[in-house]
Amino acid sequence: DGGITQSPKYLFRKEGQNVTLSCEQNLNHDAMYWYRQDPGQGLRLIYYSQIVNDFQKGDIAEGYSVSREKKESFPLTVTSAQKNPTAFYLCASSIGAPWKVQPQHFGDGTRLSIL
Amino acid sequence: GDSVTQMEGPVTLSEEAFLTINCTYTATGYPSLFWYVQYPGEGLQLLLKATKADDKGSNKGFEATYRKETTSFHLEKGSVQVSDSAVYFCASNDYKLSFGAGTTVTVRA
Numbered sequence: 050d051g052g053i054t055q056s057p058k059y060l061f062r063k064e065g066q067n068v069t070l071s072c073e074q075n076l077n078h079d080a081m082y083w084y085r086q087d088p089g090q091g092l093r094l095i096y097y098s099q100i101v102n103d104f105q106k107g108d109i110a111e112g113y114s115v116s117r118e119k120k121e122s123f124p125l126t127v128t129s130a131q132k133n134p135t136a137f138y139l140c141a142s143s144i145g146a147p148w149k150v151q152p153q154h155f156g157d158g159t160r161l162s163i164l
Numbered sequence: 002g003d004s005v006t007q008m009e010g011p012v013t014l015s016e017e018a019f020l021t022i023n024c025t026y027t028a029t030g031y032p033s034l035f036w037y038v039q040y041p042g043e044g045l046q047l048l049l050k051a052t053k054a055d056d057k058g059s060n061k062g063f064e065a066t067y068r069k070e071t072t073s074f075h076l077e078k079g080s081v082q083v084s085d086s087a088v089y090f091c092a093s094n095d096y097k098l099s100f101g102a103g104t105t106v107t108v109r110a
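Read top to bottom, the protein sequences are chains A and B.
So the first sequence is numbered by my numbering: it starts at 50 and just counts up by one.
So the second sequence is numbered by my numbering: it starts at 2 and just counts up by one.
These aren't lab readings, by the way, just hints derived from the structure by calculation.
Even glycine gets a Cβ: it sits at the ideal position worked out from N, Cα and C.
Treat the hints with care, as some may be off.
[To be verified] What the simulated footprint calls covered on chain A by chain B, stretch by stretch (three residues with Cβ under 8 Å from a Cβ of chain B suffice, anywhere in the stretch; the number is not a length): (1) 141-150; (2) 155-164.
[Said to hold, decoys possible] Using C-beta positions, here's what the derived DEER-type ranges look like: (3) 40(B) with 99(A): 25 to 35 Å; (4) 13(B) with 102(A): 45 to 55 Å; (5) 9(B) with 93(A): 14 to 24 Å; (6) 56(B) with 146(A): 12 to 22 Å; (7) 70(B) with 126(A): 39 to 49 Å; (8) 99(A) with 62(B): 26 to 36 Å.
Make the full structure from the sequences, and use the hints.
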């Protein structure tokens, strides 16, 4: 079945440590996204990529980095510069243009906690 | 910038009750509108969408109509089930996807 796979489901980070969250899709979608979800809030966009080897900052990119070397993969690194990383992280993908009518498909998320 | 405001929860209902979750948006252009549902511990799933004024999206007994004159996209279901317990997110997409804060719905047997 086609879909988006995020791993791991739970992740723990020590102070000062970088961690990388994996996101893989086999939907052949051009665009991929990373969101952060905090309790009682909607989703906030961290980074997005509309095509391989290109990505753009979202609303809360500080303390995060991404790469898009393959169409299927869009890993997110949470760096030590992100001072409040505890959250639920969601990866999504969409077919591509026309951008505003295409729905996004979501993975099951990674919950990151600080030790 | 574009934004979405949806009814605050939590909402608690009995089975077979009528559900309405209000959603309004602000946008400079003509966005597409979506409702997503999130079950505990999972990601979001698309519930329904509408891409232009007066379009009605529907799925699994849920409906929402794109009302340009009131900038609204309210979600309704005539008879809820326990399995409808989830968090519901309204979203608009003009140049990027903007989400409301989510409404937690609990349906009791």
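Hint-by-hint comparison with the structure:
1. 141-150: holds (count 4)
2. 155-164: Answer holds; 4 residues pass the 8 Å Cβ test.
3. 40(B) with 99(A): 25 to 35 Å: About 29 Å separates the Cβ atoms of residue 40(B) and residue 99(A), which means 25 to 35 Å holds.
4. 13(B) with 102(A): 45 to 55 Å: holds, 48 Å
5. 9(B) with 93(A): 14 to 24 Å: This hint holds: roughly 18 Å between Cβ atoms.
6. 56(B) with 146(A): 12 to 22 Å: holds, 20 Å
7. 70(B) with 126(A): 39 to 49 Å: For residue 70(B) and residue 126(A) the Cβ distance comes to about 45 Å; the hint holds.
8. 99(A) with 62(B): 26 to 36 Å: holds, 35 Å
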